[in-house]
Amino acid sequence: MRAVTNGAIATLAVACVALPLFGSSYQIYLAELIFINIVAAIGLNLLTGNCGQISLCHASLMAIGAYTTALLTTRVGLTYAAALPAGTMVTTLLGASLGYPARRLSGLYLALVTLGFLEVVSIAIEEFPELTGGVRGLKLEQPELAGWPLSIGVLYYFVLGVTAFAIYAGWNIQRSRFGRAFNAVRQSVIVAQALAIPPERTKLLAFCIAAAFAGLAGGLFTAVVGFIDPTEFDVSASLRQITFIAVGGLGSVLGSVVGAVVLTLLPEMLRGAKEYSDVVYGAILLGTLVLAPKGIVGSLTLLSGWTGHPKARSS
Amino acid sequence: MSLLTLDGVSVSFGGVAAVRGVTMRVEAGEIRGLIGPNGAGKTSLINVITGIVRPDGGAIRFADRDITALAPDVIAARGVGRTFQHVELFREGTVLDNVLTGLHRHHVYGIAAAVGGFGRARHVEGEARREALALLQVFDLATLAAAAVSDLPFGVQKRVDLARALAARPRMLLLDEPISGMSETEADAAVAAIRSLASERAITLMIVEHNMRVMMRLAARITVMHEGGILAEGTPAEIRDDPKVVDAYLGERDEDA
Amino acid sequence: MTWRIASQLALSGLSVGSIYAIVAVALAIPFKASRVLNFAQGELVTLGAYIALLLTSCGIPYAVMVPGTLLIAAACGIALERLFIRPIIGAPEFTLVIATFAIGLIIRALIRIHWQDNVFFLPAPYAGPALAIGSLRVNPAYLVMIGTTAGLIALLALFFQRTRLGKAMRAVATDQTAARLMGIGVNMVFGSAWALSSAIGALAGLLLAPVIGVNPELGHVIIKGLVAAVIGGFGSLGGAVVGGLLLGMLETYAGAFFGAAFKEIIPFAILIALLLVRPQGLWGATQVRV
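Residue numbers (the numbering used here), protein chains in the order written: chain A, 11 to 325; chain B, -4 to 252; chain C, 11 to 300.
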């Protein structure tokens, strides 16, 4: 089983690297969207799947990353290579500013606070049209990557590289003592405390990490899409990201990847209006929650026991 | 100076006093038993000491520092560990995951190192794994390292709980019914293990148990609780012969006594 | 700030506040009964408006359409509870929160597939030009909103105090296990709670639609309902009502004094501040499992 999976991963990796050589520009664009969703999903999964914190504002953080990166390139004149990490850091700070006061909350109340944060961000985007372009959105010119004009190929490999790094980072975090702390806090706060794991600081860290991934994804979005439409970062966008991780598998980096890939491709294949894709997303999400809460990866490990035993989440 | 001092500690829940003015001292290196009929307040007392519940009155000192109002994770960091009556393992993990989590405080590296995945993080993780496996060896769990805890029988889970608590390197360990649910042979093995651990690692123990046979063999001194207060304190022989204690137990319907 | 303007604002604030109160009450009922916060409640408001639209376009007179809408909405609530909520009742909070969100998403998307984003006009017999009462100009719809809310509260109070079903709901809300032991059909209570809250949500839709028009975004009012419920503390229906009215008043006055941007921000500023400082709300029980 292990050999099959490794083989599959290797094939996929080769396909990803070779894509610009024989793929259409539409396929390349689609792949880049998938990569962006993977990055966002990994961050959210660490926060929600591993640490058990519900966040309804992940899309807002992604928007913040997108706007910040965009403004840093267009207004401040940074190169994209500098604007991207800077935008990520700004998003992380803003995520911390929410995560710090919210560190004592969980469950429903946390969900509500993140919802409030999302609404506040939406209002802020509308109220500062000089910065954000308001409801009409923000259009950007093609950024340059440290002097190189971003051709299709260069941009693609850049996004692929950042995504690969994000997967690597997420995988490392999950297997580290921090990943264990996240899982501990999620499963039992009392036991975590008995082992000297500080629950609030752990939750805050998870929040910051999620914000960092979201900001990174947003910054990539800026370069790939070239236009930021604020209505694309509303509650249903956050829900879509939650669908990625719920369907893919909570608490697993592989689950984030699988979920993002499958659920980004799906509406493209359906090729219908947004409403149809919403119905399908909603139905898949609801179906998963009710029938298969462990998601794709979780259910597979349960069935095949390929890690040796049915556990989905740890080292 | 005693390792653990309780001074007039009281806790009430919704108007019912679970712990009433408990004053006691536990010396370093002791194995102290804590017994009492159901509802005497033993688990509440453990919860107060470990900081899960804040006392309404009184003070608690550990290693000569006040821990009365501290957060549970801070108290644990000071060296107070515990096991749980109903085990409470991380059910979605393996045996190794659980014990590794116990080592959280002792094999440290920062988030940046964790993200990078090599260098310091890898080195420290290796050390952590070695210590965890060594601990599993002590408890005869090494072959089960990769087993999912939810599959394990209750007695084995209790061993994992103990191993995990020990991974945190506590100075004092509060064991909440460590033997309950075990078979005779398991219980005997557990008693031997607990005793040797206490002496080898210089850990002070406070054990809550209903199994009198085990308690008499393990504990050097026993504290008897009744209706939230301390009824008696002394050696196992003294306690066994104390009329107050006999009354309290005969007055309740307690099968294990 | 003259007396006239203040009263005008108060009326406006109370009327919008009564809508918030209705939504907050609709949220509180299934929450108290089954500890599920229905994030699809907004879409039930929208659904109510569209059901009303459908019935009206079939030529059904208003007096029949209103109870008809409420009944259909209640039936939808029962169906939702039976099909999607009951299977996940014991599930972790994440599942409960996201499932109701998903239901809302589906409902809204289905509505938009059928009716697109058009805004439809829903006629109501009381809609008309502003009445002159004293020196005030009063939109009759405002009066109907406030009056309906008052009537709803009275009816609910009677329901929970006097009827068997109402008392059963209170029992289940207080202690589910004890209620079960007393022979109360907990599942039936759950279904009734959802039927009731769907009907109440539809009522809000009926009141909103003549003023704003029937459109898929009506459900946005749930956010205000949530804030109102948090202000009042989730445990208490009375708190939900007061929370709604308070929010309506605060919003309206804030808007008048400080402008539109402030008016938009203030509900969320209150929400976040309350959740961080006093999540149990102004009236909620002090035992909050946060």
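Derived from the structure by calculation, the hints contain no laboratory data.
Do not rely on the hints blindly, as some may be mistaken.
What follows is a list of derived Cβ distance ranges for each label pair [unchecked claim]: (1) B:Gln132 <-> A:Ile200: 37 to 47 Å; (2) C:Arg96 <-> B:Gly16: 47 to 57 Å; (3) A:Tyr286 <-> C:Val287: 53 to 63 Å; (4) C:Gly269 <-> B:Gly3: 56 to 66 Å; (5) A:Ile200 <-> B:Ser194: 37 to 47 Å; (6) B:Ala58 <-> A:Thr84: 51 to 61 Å.
Away from chain C, derived, C-beta distances all over 12 Å, residues of chain A [claimed, not checked]: (7) Thr58; (8) Leu81; (9) Ala91; (10) Ser132; (11) Ile252.
Yeah, the Cβ is synthetic: ideal placement off N, Cα and C, and Gly gets one too.
Cross-check of the supplied hints:
Checking the proposed 37 to 47 Å range against glutamine 132 of chain B and isoleucine 200 of chain A shows it is violated: the Cβ atoms sit about 28 Å from each other. For the pair arginine 96 of chain C and glycine 16 of chain B, the supplied restraint of 47 to 57 Å holds, since their beta-carbon distance comes to about 48 Å. The hinted window of 53 to 63 Å between tyrosine 286 of chain A and valine 287 of chain C is violated, with their beta carbons roughly 43 Å apart. Checking the proposed 56 to 66 Å range against glycine 269 of chain C and glycine 3 of chain B shows it holds: the Cβ atoms sit about 58 Å from each other.
Isoleucine 200 of chain A and serine 194 of chain B have their C-beta atoms about 29 Å apart, which leaves the hinted 37 to 47 Å range violated. Look at alanine 58 of chain B against threonine 84 of chain A: about 59 Å separates their beta carbons, and that is inside 51 to 61 Å. Under the 12 Å C-beta cut-off, the non-interface status given to threonine 58 of chain A relative to chain C is violated; the minimum distance is some 7 Å. Listed as a non-interface residue, leucine 81 of chain A keeps its Cβ farther than 12 Å from every Cβ of chain C; the least gap is roughly 20 Å.
No beta-carbon of chain C comes within 12 Å of the beta-carbon of alanine 91 of chain A; the shortest separation is about 35 Å. Not every CB of chain C lies more than 12 Å from the CB of serine 132 of chain A, the least distance being 9 Å, so the non-interface label is violated. The claim that isoleucine 252 of chain A is not at the interface with chain C is violated, since a C-beta of that chain comes within 12 Å of its own (minimum 6 Å).
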